[in-house]
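Whole structure, please, built from the sequences with the hints as guidance.
Chain residues, written in single-letter form:
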Amino acid sequence: MTVSTPTGNLRTPQAPPGQAPGSGGHAKRRPLAPYLLTFCVSFATWLVLSGKFDTFHLSLGVVACLIVAYCSGDMLLATTDLRSLPGQWYRFAIYIPWLLYQIFVANIHVMRLVFHPRMLQLIDPQIIRFQTRLRSEMARFVLANSITLTPGTITVYVSVIGTFTVHAIDEECARALPGEMEAKVAAIFGE
Amino acid sequence: MEQVFLYSAVFLCAVMVLSLYRAILGPTVLDRLIGVNAIGSKTTTLLVLIGLIYNRVDMFVDIALAYATLNFIAVLAASRYFQKKKGLYDETGGR
Amino acid sequence: MNILATVLLICGLFFFFGGAVGILRFPDFYSRLHPAGKLDTMGQLSSMIAMALYAAQDLSLNAILTALKIMLIVAFVFITSPTATHAIVDAGVRAGLLPWSRGIRRGEE
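Residue numbers (the numbering used here), protein chains in the order written: chain A, 1 to 191; chain B, 1001 to 1095; chain C, 2001 to 2109.
Don't read these hints as lab results, they were simulated from the structure. These numbers were taken from a predicted model, which means no experiment stands behind them. Don't be surprised by glycine CBs; every beta carbon is placed ideally from N, CA and C. Warning: the hint list may mix true and false statements.
[Said to hold, decoys possible] Only part of the chain B face toward chain C is listed, based on derived beta-carbon distances under 7 Å:
{"no.": "1", "residue": "Glu1002"}
{"no.": "2", "residue": "Arg1022"}
{"no.": "3", "residue": "Ile1034"}
{"no.": "4", "residue": "Val1061"}
{"no.": "5", "residue": "Ala1068"}
[Said to hold, decoys possible] Across the chosen pairs, the derived CB separations fall in these ranges:
{"no.": "6", "chain 1": "A", "residue 1": "Trp89", "chain 2": "B", "residue 2": "Val1029", "range": "21 to 31 Å"}
{"no.": "7", "chain 1": "C", "residue 1": "Leu2059", "chain 2": "B", "residue 2": "Thr1028", "range": "46 to 56 Å"}
{"no.": "8", "chain 1": "C", "residue 1": "Pro2027", "chain 2": "A", "residue 2": "Ile67", "range": "27 to 37 Å"}
{"no.": "9", "chain 1": "A", "residue 1": "Phe92", "chain 2": "B", "residue 2": "Leu1076", "range": "22 to 32 Å"}
{"no.": "10", "chain 1": "C", "residue 1": "Leu2059", "chain 2": "A", "residue 2": "Trp89", "range": "21 to 31 Å"}
{"no.": "11", "chain 1": "B", "residue 1": "Val1029", "chain 2": "A", "residue 2": "Tyr101", "range": "29 to 39 Å"}
[What the hints assert, rightly or not] Away from chain B, derived, C-beta distances all over 10 Å, residues of chain C:
{"no.": "12", "residue": "Asp2058"}
{"no.": "13", "residue": "Ile2070"}
{"no.": "14", "residue": "Ile2073"}
Following this line, the structure appears as structure tokens:
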């Protein structure tokens, strides 16, 4: 499952981003904010991972994060519209506990299947297809990963026009599929 | 509490042996890959457990993170390799 | 706190055990992926939370950083595990493996 950014792929050799927010005319030609955000996220990860707060380690982290932000700044964020981003992340943070609850319930279901003595009569693997109405690639990616994380269903293939091919392990998992989860993901990304 | 971690680690090793059965005797290559993936995800937990047993969890956590990354990359690379090998490209979808 | 950690750890081990048994018992490659990819993820989540709780007991900076790192592993696993599962299932589909189905194959759905 690759997430390719539809828009921000124009990579021109310019000055490294993330210097300062208002550093001259480059900012006009290439949006600086995704790079800054990438820098902040990777630097937070650096702080957690290193756990040392002296000058030497911090400066090492700044250099490494600058390189990372320069190379992959347009990969983390698929959207160019930064205005909608905080709302998206907030709704995504609300979505995660619901997803965890779903994962838990479905895990119990699969556990029951696994330890059932007549398991071969209970399972009924089947491949189902459905058409999603999600437009953006990020939304499809989140939906596909959510489907895969929910036990009983695995996303096999997502076509370009948004047809999901899903392998479900029994009738019950297959029936529950496109409904609520798609609506939730659509609500996150405002579609 | 150390006792709990110790017995958990031993139990985890026993579970890994179960997965190893599938990794050795799996009918297809991909079955083996599933077994190896399962063993890898158990190993990540086992590393943190070992860290807790020896009171060096701050060190073993980094190793566990590196191992999780390595496991992921290995599975990705192996599955890409075996799908290329068959050469059956079917862009129309599930089948 | 110790009791909570122990209970969560045992839950995680139980999920791991279920995953291993599922890998052994299910009839074909596609259905084996279900317990492999996800019961393991759930077991990892549960036992990692237990260990993070135990590690963060004395509220020093170092302990909390360690707990954060453990949760970072969990977040990482939650992103990579579906991706790895998808890679394997994609390889299987492209190699032309047919899904096991009860009785006579009922053809395309």
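These are the hints, each one checked on the structure:
no.	hint	verdict
1	Glu1002	11 Å, violated
2	Arg1022	5 Å, holds
3	Ile1034	5 Å, holds
4	Val1061	5 Å, holds
5	Ala1068	6 Å, holds
6	Trp89/A x Val1029/B: 21 to 31 Å	40 Å, violated
7	Leu2059/C x Thr1028/B: 46 to 56 Å	50 Å, holds
8	Pro2027/C x Ile67/A: 27 to 37 Å	49 Å, violated
9	Phe92/A x Leu1076/B: 22 to 32 Å	25 Å, holds
10	Leu2059/C x Trp89/A: 21 to 31 Å	28 Å, holds
11	Val1029/B x Tyr101/A: 29 to 39 Å	36 Å, holds
12	Asp2058	12 Å, holds
13	Ile2070	6 Å, violated
14	Ile2073	5 Å, violated
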